[in-house]
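Participant: Letter by letter, the chains look like this.
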Amino acid sequence: MLGFLLVVLLIPYLIAAYGLLFVKLRWGLRLFGAFIVATIGLLTAMFLVEAYPIIARDGVAVFFQTRWDPVRESYGVLQALTGTVLTSAVAMALAMPMAIGVAVTINEILPARLRGIFGSLVDLTATMPTVIFGLWGLFVLGPFLKDAVNSVSRYLVGDDVMTSPYTLFTAGVLLAIMITPYAAAVIREGYALVPKPVEEAIYAVGATRFEAAFIKLRYVRNYILGGFFLALGRAMGETVAVAMVVGGNFSRFTTNILESGITISSLIALQFPNAASYQYMVPALFAGALLLTLFGLAINAVAIYIIQRGQI
Amino acid sequence: MAKVEFKDLRVSFGALPVITGVNLSIPDRSITALMGPSGSGKSTILRVLNRLLELYPEARVSGEVYLDGQNIFDMNVLELRRKVQMIFQIPNPIPNLSIFENVALGLKLNRLVRSRGELFKRVKSALEKAQLWDEVKDRLGAPAGKLSGGQQQRLCVARALAFEPEVLLADEPTANLDPENTAKVEALFLELKKEMTIVLVTHYPPQAARISDYAAFLYKGQIVEWGPTRDVFTKPRHELTEKYVTGRLY
Amino acid sequence: MTAERKAEDITAVRMVINWLGLGLFALLGVAAVVPLFLIIGDVYVKGIDAINRLGGLWHFLTELPPTPLDERGGIGPMLVGTLYMTALGALLGIAVGLPLGVYIGEMRKEKFANVARAGVNVLVEFPTIVVGLFVYAVMSLAKEDLNRYLLGPISNTISPLGEWIPWFIGPLDGFNAYAGAAALTLIMIPYVALITASAYASIEQPLREAAYATAGREFNALFIVLRKAVSRAVLTAALLGTAKIAGETAPLLFTALGNLYYASFTGPTAAVSLWIWYAAQTSYEVQIDSAYGAAAVLLTIILTIFIIARIRG
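Protein chains in written order, with the working numbering: chain A, 1 to 312; chain B, 1 to 250; chain C, 1 to 313.
With the rest of the complex left out, here is chain A (with noise of 0.2 Å):
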């Protein structure tokens, strides 16, 4: 009833929001403020219903158990969230240095003329299907990064270190590539706010081009900052593109990147099929949501307190 009574009441609400634009404008938006700050409360509070029957049954020992073993009905999240931390580090080990070169080459490299167009070029990597970044990944990326490693394990200790193409290690540098442009935006707007006097003052103390961009970056450290958590946010959450390249080991909890592995976000989405058979696992699987939705929710505020701070 009470799902009934939710969607049935979503329709009259956005009618009387639209009305009330007409009639007392301040009041119509304030409701579509308030839509918007009740889908975050009913999201996590619906999360929580979902995974009570597993938290009720296990307590937290779901988040931090390694097996996850639908037969004997027992789940653990805890190697999602080890793979889920290890490729968001990989990929924001490397993205964080692409996202300041970027910001550097278009503000300081590119002659004016090219600077719109390489922009637009990092916004349209934003705005690609992560499927196809999945696609790409599962068939040109993995094979690719297998033969790179190995060749070089091959050289410094004789054997082959990466056995699989799809393991942590392709979804951190599939995962980089995908969340690099995020980071850039900030950065790049933040570094084109340095002001002309503080440029000038740089300069005519004798900086070259390269210092001069160090001095900039660090004046724009709030903005590093803000991208930084932008970016985490992106690559924790990021589940299509991961899921296709990670290799989806479910069973066995390892910490090298080198080896296939399992994210809470592709956890979700490969086991969720499999979940109507078993009695426990959607409750398992909702309790990695909710999780991701903390992270989500912690990580996104943060950023956007950090910026917000520097633009004061």
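Hints listed in this document are in silico derivations from the structure and should not be mistaken for laboratory results. Where is the CB? At the ideal position from N, CA and C, for every residue including glycine. Among these hints, one or two may not hold up.
When the alpha-carbon atoms are kept at most 27 Å apart in a straight line, the in silico DSSO-like pairs for lysine-lysine are as follows [said to hold, decoys possible]:
hint, chain 1, residue 1, chain 2, residue 2
1, A, LYS196, B, LYS220
2, B, LYS108, B, LYS83
3, C, LYS228, A, LYS24
4, B, LYS83, C, LYS109
5, B, LYS124, C, LYS6
6, B, LYS146, A, LYS196
7, C, LYS6, B, LYS108
8, B, LYS194, B, LYS124
9, B, LYS184, B, LYS124
10, A, LYS196, B, LYS83
11, B, LYS220, B, LYS3
12, B, LYS194, A, LYS196
13, B, LYS184, B, LYS129
14, B, LYS146, B, LYS108
15, B, LYS121, C, LYS228
16, B, LYS193, B, LYS121
17, A, LYS24, C, LYS111
18, A, LYS24, C, LYS109
19, B, LYS3, C, LYS6
So these bits of chain A aren't anywhere near chain B, every CB distance computed over 10 Å [claimed, not checked]:
hint, residue
20, LEU2
21, TYR13
22, ILE40
23, THR44
24, ALA45
25, GLN65
26, ASP69
27, VAL71
28, GLY76
29, PRO97
30, VAL140
31, PRO143
32, ILE215
33, ASN274
34, MET281
Chain A is already provided as a structure; the job is to place chains B and C on it using the hints.
Facilitator: Showing chains B and C alone in chain A's frame:
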């Protein structure tokens, strides 16, 4: 030989000409004032001299500029900026750096000192000359953005003086300061001219009359008149000059 | 003498470091953009080849997807599903996102507006699978009652009016196109809201005051007089948002689920992005080929929207 020589300097921003043929000699160890109404090109001339104009890609420069006989466009720009320092109209310390770091920045970048002790000595001496040392000596690590306007400008003066430059370019440095700080800066310039050449852009003829040795009157991108200050003010040869120094031209 | 030489050496070293350092930055910047070309190239080369082998463009856009044993196939149902859900999602997303953006952009002084703004900021790059899961949860909760009390009676009344009606309106399955569209809407709303908000926020105060003074009612001021000032940004937001949701996969996984046939929108619905997701992970070559073909079609749609947005914006 004059310290600085401009020969047929022309500057345009895109299609708009700003300086249309300037010939000027700046004598050593003196204060030369560049005065003229807004838009006459005074600040542009200053920015040519330390090649800061290169930050404006639309600017086209032709002509020759000599520092001690050397063409500044043939010099390495870093070497030029070691010798020619600038103070701006609106104080522009780098706000997130500390007071100490602001003064030390140029010295560190250009490797002008060889030890932390030497760095500290030069920063202290620059701040003392700029008459800021006493006010900040207990908080050298505080961010420069927290200083008052007058203090920030003196910080920028210290930043320039730390180089022990040969030429000091001042772009309307007291335009945003109160009379007390203005007097301090003017007194400072009178002291400094014994060691260096000062080129002062001023919007305010009485200031030129007060402290400069030579004055050049710039109007619509051209030097209308130039000579010892006393002559320019008391016996101007051009009607425009006379109108300007008596405050009837802006 | 030596001091001069040392100064020159130091300068020379700094210049070398300058070129190396800038070169490194440039390399990193280019590295960020190179994969884009690699991906577009790979998708088009393999995709166009695949479309040709699977029956040519027209057939590909209209036929049913290939089974593992087929030699030809297409993405007809997928295209229809994507178009329907994207259109719905975009329309609703703009319909809600625009007023929301006006609220948080214009009424910044209100405390609640800042709360709403924080909410929007948090939702804008939320993991999309979570959004899909949320709609799934609401859907499963509401489905039975919804069908029994609302959709059942409605569809009984109006379906005699036309054979096409049950394709659009009727009792909903657990997985259906409207759930998919709802998830897409939830993703589009914060995006449109943010861009609208910054468009309104960047209106200069004099213009805003003039609008309020001449327009009489606030509604007229905000939506009619100031329309021109913000329309460019809002249009760009609408276009780019649509491109974004057209390519989304994760939110559709548990809402629309996917389908291999032309089917009613009240049941599981196909989408191009979903097909790529499923087909690429099979081991059948013909299906992998069709995934590439689908990717080429999807990419073309998105590139077109992107270029239109860039040219008009």
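Participant: Does each hint hold? Answer for all of them.
Facilitator: Hints, verified against the model:
no., hint, result
1, LYS196(A) - LYS220(B), "25 Å, holds"
2, LYS108(B) - LYS83(B), "15 Å, holds"
3, LYS228(C) - LYS24(A), "23 Å, holds"
4, LYS83(B) - LYS109(C), "51 Å, violated"
5, LYS124(B) - LYS6(C), "25 Å, holds"
6, LYS146(B) - LYS196(A), "19 Å, holds"
7, LYS6(C) - LYS108(B), "15 Å, holds"
8, LYS194(B) - LYS124(B), "20 Å, holds"
9, LYS184(B) - LYS124(B), "18 Å, holds"
10, LYS196(A) - LYS83(B), "22 Å, holds"
11, LYS220(B) - LYS3(B), "25 Å, holds"
12, LYS194(B) - LYS196(A), "32 Å, violated"
13, LYS184(B) - LYS129(B), "11 Å, holds"
14, LYS146(B) - LYS108(B), "23 Å, holds"
15, LYS121(B) - LYS228(C), "60 Å, violated"
16, LYS193(B) - LYS121(B), "22 Å, holds"
17, LYS24(A) - LYS111(C), "19 Å, holds"
18, LYS24(A) - LYS109(C), "18 Å, holds"
19, LYS3(B) - LYS6(C), "25 Å, holds"
20, LEU2, "52 Å, holds"
21, TYR13, "47 Å, holds"
22, ILE40, "34 Å, holds"
23, THR44, "37 Å, holds"
24, ALA45, "42 Å, holds"
25, GLN65, "46 Å, holds"
26, ASP69, "53 Å, holds"
27, VAL71, "58 Å, holds"
28, GLY76, "46 Å, holds"
29, PRO97, "22 Å, holds"
30, VAL140, "40 Å, holds"
31, PRO143, "45 Å, holds"
32, ILE215, "7 Å, violated"
33, ASN274, "53 Å, holds"
34, MET281, "51 Å, holds"
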